[in-house]
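Chains as they are written, first to last, in full-length UniProt numbering: chain A, 1 to 368; chain B, 1 to 366.
These aren't lab readings, by the way, just hints derived from the structure by calculation. Any given hint could be a false lead.
[Claimed, not checked] From the structure, some residues in chain A lie toward chain B, with a derived Cβ separation under 10 Å:
1. E42
2. L215
3. P268
4. I280
C-beta: ideal position from N, C-alpha, C; glycine also.
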Amino acid sequence: MPLLSVDELKVTFAGHGRRATTAVSGVSFDVDEGQVVGLVGESGCGKSVTSLALMGLLPAKGVRVEGRADYRGTDLLSLSPSRLRDLRGTQLAMIFQDPLSSLNPVVPIGVQVTEILSRHRGLRGQAARDEAATLLDRVGIPDPRRRLKEYPHQLSGGMRQRALIAMAVACAPRLLIADEPTTALDVTIQAQILELLKELVDQQGTALLMITHDLGVVAGLCDEVNVLYAGKVVESADRRTLFAEPAHPYAHGLLNSIPRLDAPRGQPLNPVRGSINDQIAWADGCAFAPRCDFYTLDCLQGTPELGPLNADAVAGHQVRCVNPVREPLAVTTLAEVGAGGDPPAEAAAPKGAPKTAPKAAPKEETSE
Amino acid sequence: MSLLELNEVKVHFPVRRGVFFDRVVGHVYAVDGVSLTVEAGQTYGLVGESGCGKTTLGRAVLRLNDITSGQVVFDGTDLAALPDEEMRRSRRRLQMVFQDPLGSLNPRQNIESILAEGMAAHGIGADRTERRARIVEVLEKVGLPADALSRYPHEFSGGQRQRIGIARALVLEPDLIICDEPVSALDVSIQAQVINLLEELQDSLGLTYLVIAHDLAVVRHISDVIGVMYLGALVEEAPSDLLYAEPRHPYTRALMSAVPVPDPEVEDSRERILLRGDLPSPANPPSGCRFHTRCPWRQPERCDTERPDLVELADGHRVACHYAAEIADGTLRPTRELAERILPEDEPIGAPAVGDEPSAAPVEAG
Chain A
1 MPLLSVDELK
11 VTFAGHGRRA
21 TTAVSGVSFD
31 VDEGQVVGLV
41 GESGCGKSVT
51 SLALMGLLPA
61 KGVRVEGRAD
71 YRGTDLLSLS
81 PSRLRDLRGT
91 QLAMIFQDPL
101 SSLNPVVPIG
111 VQVTEILSRH
121 RGLRGQAARD
131 EAATLLDRVG
141 IPDPRRRLKE
151 YPHQLSGGMR
161 QRALIAMAVA
171 CAPRLLIADE
181 PTTALDVTIQ
191 AQILELLKEL
201 VDQQGTALLM
211 ITHDLGVVAG
221 LCDEVNVLYA
231 GKVVESADRR
241 TLFAEPAHPY
251 AHGLLNSIPR
261 LDAPRGQPLN
271 PVRGSINDQI
281 AWADGCAFAP
291 RCDFYTLDCL
301 QGTPELGPLN
311 ADAVAGHQVR
321 CVNPVREPLA
331 VTTLAEVGAG
341 GDPPAEAAAP
351 KGAPKTAPKA
361 APKEETSE
Chain B
1 MSLLELNEVK
11 VHFPVRRGVF
21 FDRVVGHVYA
31 VDGVSLTVEA
41 GQTYGLVGES
51 GCGKTTLGRA
61 VLRLNDITSG
71 QVVFDGTDLA
81 ALPDEEMRRS
91 RRRLQMVFQD
101 PLGSLNPRQN
111 IESILAEGMA
121 AHGIGADRTE
131 RRARIVEVLE
141 KVGLPADALS
151 RYPHEFSGGQ
161 RQRIGIARAL
171 VLEPDLIICD
181 EPVSALDVSI
191 QAQVINLLEE
201 LQDSLGLTYL
211 VIAHDLAVVR
221 HISDVIGVMY
231 LGALVEEAPS
241 DLLYAEPRHP
251 YTRALMSAVP
261 VPDPEVEDSR
271 ERILLRGDLP
281 SPANPPSGCR
291 FHTRCPWRQP
301 ERCDTERPDL
311 VELADGHRVA
321 CHYAAEIADG
331 TLRPTRELAE
341 RILPEDEPIG
351 APAVGDEPSA
361 APVEAG
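The task is simple: from the sequences and hints, build the whole structure.
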């Protein structure tokens, strides 16, 4: 049985006198014990609202949350606020994107960390301070005893995020939800934080729900990936399958549009056309249809179901599309010369870009 | 001939303290001696982390910040020495595209008024009709409908707003456009649209770009030459593909290894150099090599006392590191206390960061 099983989660914000906005329109996914699961999508796809709903952090007024989220047999969405407060911190914990605004600016770090320890673990006084110092040390904050007395503004961005992680793991939660934990950080600091999260997951067996827009972060960290579009999961697979054979045109297009660090120069990118504003309601068909290169009239026959790609698909590879992309992703990398990338891959480029032609050329330039 | 040449450009911001006396108590060395050359028709990419001075340098070229010392030679004229009015007039040829497309467009002006303002200031187009014709032409080039003229910035999506920002630069027919983080505020699928647009415009109009960004993958895609900045100075400069294949400065290598690649195969197998600690304050930069406090290859004495110059290793490949050659051929190995390296056991230290056959890349500098 999975640790967390989210079933048809739906979040609707009441519009003040206007039409209500559905931010999450039926999201389902599972998180197993000790697993790293990614929720990927662009702004407005509902990934953050999903995490807030799971943690019970959405305001009670003006928001309607439907569906189920089973955490070890209890439905998180129907728990009383006080029961949920007991679970948060001990069983579930969350790290946010902006570490400065998630810390109290007028309270020293030490007080903020010991607060959790006294609330959930009953530690007081010196014992709590010792434990807090140990926690800061474990997340790689040098000189933890001095840092405990400091205020959030005295810490750098990376250190603040470490402090937040220390607070999140203070009670060894079973599930950690990280909402864009590295987006506000520089890449070298991002690498440190991702490494730290990996270590924590490995050592403590904590399951991690990683919410991000960065497919690169997902590729290095997650076991399972769910791609969100307009409030629904459009594709889910293990990371190797997803990155090698994205089947939903959105996932495929997204991976095709990213400039890769290791790609040779001079290839045009293949952007997904239009913007997130060009979407239709899921009830009328596929929300991605207006931007899709593989669009047919079948796409407008009601909501497509999330189902296995085909009979011989990799286990767990599910796609919400009536007309999925069958070819693997075409990628040319600088290092690939002589490695013989698969030739049929060329056909996968939806706009017929000359993907494989300049393969040998850039290497020549390099050596001159 | 090169279109833009920076010569030892320094931008220092004074740090002031005191109510009555307004003493200068120190300086923030935002840009501390940068020399680089941008060829006409090319794209020069400046990459670095926040606080490295890349934006300040870009603004200094347009003299939006005061230049403390050094020369900014644009098409034969030293902009740093120009009187203000002449500088204002030469800004027609140097335009800028800003990071935040909403914040850099006046919400109370419609698109026509935003675009016509610069034209009026520089005396382009005799009257409103003439300007409007030109604006419609440019809007079409950047992929916006002509009915955008009477609309306001909030009516557009992020990608479209950035197109307006680009159009605002283009109506003045500039030679050089400085793009400061042109896509970092945009969603991934929109980024590619704007990047392609910038490249198409360069091809059709012969523009020169100075692109400033923190995202190495974007910079590598769009630039012919890349300069990597760290704490106010260039640490490495090389043609785009070469920089990727053979990064020579330890900082470049660490930066490159930290950029996530959306490919699990690559992510699992490549070299990773984790830097310890944070960027030091530019108000109090480290002595000697600016990077020595975080460098995995740091050597005693020379690195913390002597500041390395940018030395040309091979054609167009400049590196500011005392030990670049030794690190490349593997005679110098990183010290473990400073760096955690996670890399396949059999891979030689001096090999390029990613790839199955690192040895296939010919080594250039001896």
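Each hint tested on the structure:
1. E42: holds (4 Å)
2. L215: Holds: closest Cβ of chain B sits about 4 Å from L215 of chain A, inside 10 Å.
3. P268: At 6 Å from the nearest chain B Cβ, P268 of chain A passes the 10 Å test, so the hint holds.
4. I280: It is violated, given that the least Cβ distance between I280 of chain A and chain B is near 17 Å, above 10 Å.
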